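Asker: Single-letter residue listing:
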Amino acid sequence: MRNPFSTLWGVDLAFGQPGEHVQRNTLTLLFMISFSLVILALNAAGQLRWGLMGLVGLTFLFLLLGWVGFYWYAASIHFLTQIVGIEPRRSQPWLTSLQGAWPLILLGPSVAAQKGWLGFGRLFTLSVLIGTVVSLLWFLRQAYSANWLQTFLCLGLTGVLSGLALLGLLVWPVMLFLGTKGFGLALSMV
Amino acid sequence: MRVDRLIALTLIVICLVAALGNWLTGSSSLQKSERGKSAVDVALIDIYGSISDSASPFGSSGGASANALLDAIGAARKDKVKAILLRINSPGGTAAAAQSVYHELMRTREETDIKIVASLGDLAASGGYYIASAAHHIVANPATLTGSIGVIVQTQNVALLLDKLGIQSGSIQSGRFKDILSPFRSSTEDDRKIVQGIVSDSYEQFLGDIVKGRGISLTELRPLADGRIYTGAQAKAVKLVDSLGNYRDALQKTAELIRVKGEPTLRNYSARSLSGSLLGRLFPFLNSAQTSFSAQFFGQSMSQVSLSDAALGELDNFAAQYRNKVPMALME
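For the protein sequence lines, the chains are A and B, in the order given. For the first sequence, the residue numbers in this note's numbering are 1 to 190. For the second sequence, the residue numbers in this note's numbering are 1001 to 1332.
Calculated from the structure, these hints are not laboratory results. No false leads were slipped in.
Rough simulated footprint, nothing fancy, chain B against chain A, three-plus residues with beta-carbon under 8 Å: (1) 37-45; (2) 109-123.
Here are the computed lysine to any residue pairs in the SDA-like style, where the Cα-Cα straight-line distance is at most 20 Å: (3) Lys1239(B) with Leu1224(B); (4) Lys115(A) with Ala1075(B); (5) Lys115(A) with Lys1078(B); (6) Lys115(A) with Leu1020(B); (7) Lys1078(B) with Leu118(A); (8) Lys1078(B) with Gly116(A); (9) Lys1236(B) with Arg1248(B).
What you are looking at is a predicted structure, and each value in this text was computed from that prediction instead of being measured. C-beta atoms are modelled at their ideal positions from N, C-alpha and C, and glycine is treated no differently.
Bound conformation, chain B alone:
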């Protein structure tokens, strides 16, 4: 190959590799370099949609990835921000995913002076509230739906349906509980005992963490934590949230906590997915599943929700319990 062509090819490859690096590393390093000139006061972290333990480092397309949230918290700590503002609009998610985010926030509280404020949007139920409880201060709109403190493992038995269709199912397993919660047979008493143990243990961990995060006693919390949902105003009355207001109020509260006069400088640390990004805002149908979930709680909007959306949401919930063919404890 001629030398000039070799140089041209090298140049093109360098440009492509550099641009790929720009995409993969995002703008975090650039922001870090710029920090010297303008330090960021508040790290904004969005927690939108169902919380799960997604492996993707680029964010999840259908909800909040626990790994992406941990990365965002880590980046905020590295940048030595004064506060983290969590913007939560989530129906919950898997127990472990919500718990991992909660613990990372609590570690941040314990090891640094970073103040954490949670702003609850339409919905911050169950796992969404679990994460919020790690905040120093929780702000909710009066009509926000929150609470739903509890753990659920749902079971389905489709054996009768399969019988009608003439389909027989079976399994070859190494132990008697390997097909626990299989949708192809009824649960036995022993199955139920095991699953109840898992649910109860997760629930106690959940309660213990809320007690630790919110600074209330277990005896105060337990009657409130029977799975019921609260409006923001009701939650304020029972001290599950600290004040009522919208996102702007939460930002103001954050400024107050870190003693910044006027508007604090803010940077969004969330890994943005397509549906949560600008395109998602321009084309709201990308967020239809999330919208339909909230709309079911608001009578006036119910007529706008198509049946297929609602059905899809149910199917999604069902599928979520059997990710990787393993029944999962959900905080939803």
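So that you can see chain A by itself, here it is in the shape it has in the complex:
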């Protein structure tokens, strides 16, 4: 399985090779992820019926938060594989694992299809989403020496950990505030 961006720029999954090839792969991946996020932003702006300013704002937001999300995804996957003891197959496994998100670009045509043929469009969209998960799993297997079950568990646990991390992030300031007697603010408020 090759993503269309790899095909277009004539790069392959040999991320282990040093030099210019790795750099070109990295650039291709950066472009691919950003392109997917732009497609999502265009769809979202259409759904919300936002104008040009809205689209620009949404694109920046999606790119920023999308990249933060992908960073978390790659880091979490790598962390989990380290814990389980799964060895990476390549020197930059995160690059390979992120390539799995490429089917997201198909959400452009799938949402467009919903306008003409609602049933088909919805099925297409669902297929793209399922396809993205499968693609993520497939590329994870390319990046790490893991079987399907281990790969699936890593992906699932990443989702759970993301939720818990978000909860922790929200709760920590509250814990600090209460644990330090509200930095003295609580007393003055009373």
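Assemble chain B onto chain A, guided by the hints.
Answerer: Chain B alone, transformed into the frame defined by chain A:
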């Protein structure tokens, strides 16, 4: 180019074009397809900010675009909604823009069974009220500011200021009235007669339309239409609005008019701009100009308005009169 690369490039281009199409066409077609399953009872149309004839099909960033409003009304008619609920919070706008929206609503009233209800927010003055008068029923909060029925063309003469700065201005023109209302000279008596004619004609059209929309007589309306503003409660007493209440009450009234039990299904048909959208709500400073305008009428909020906001509002009003270098009749 190799075949596989050609296929990849085609795929990427198709995806990009499709996504661009999704953005440009919005979700209207999708909503239309879904209508078969769940028909919409009420089309909500927001009219926020100054009303003008903006060319942008994507909505205006600084107020309500008449073209976008016409599109929204057209889409609601196409979707065969039972009612249109106008949510108005506007100080007015240009005469032609407000009039065009009014006429489209009146045409909808005449040609279809669609009921139109207007819910007035902080402010529905002048052009904002002009549009509201096309509704079957107007609901206002008791403290809503409305009325201001009239037309104004403001003039400025900065010739003395330019003299002090040592700047001389002049014009080469094809006719004696081509520089009418120029801020660089005093208006002549003939200028004033022409502009007064424009203002009076626009005003009579305004009154005629309110009479038609509200079903009151011209003799009843004229004493009320001297440009004064009313609170919602005062406007109710003089029959400029039909009932007092908030947006929820207006929605309930709409349900009553279309004989829907419980909450009617609602869809927002407004073309949303950044300042009127979710981001606008998250970052209220994007709506500062609108807020400062309302705040000037509410003494308790005046202290919260920065001087620069108020000054900017004045400058904006001044600039609005000279869009495209042509003085405009304003309903503000």
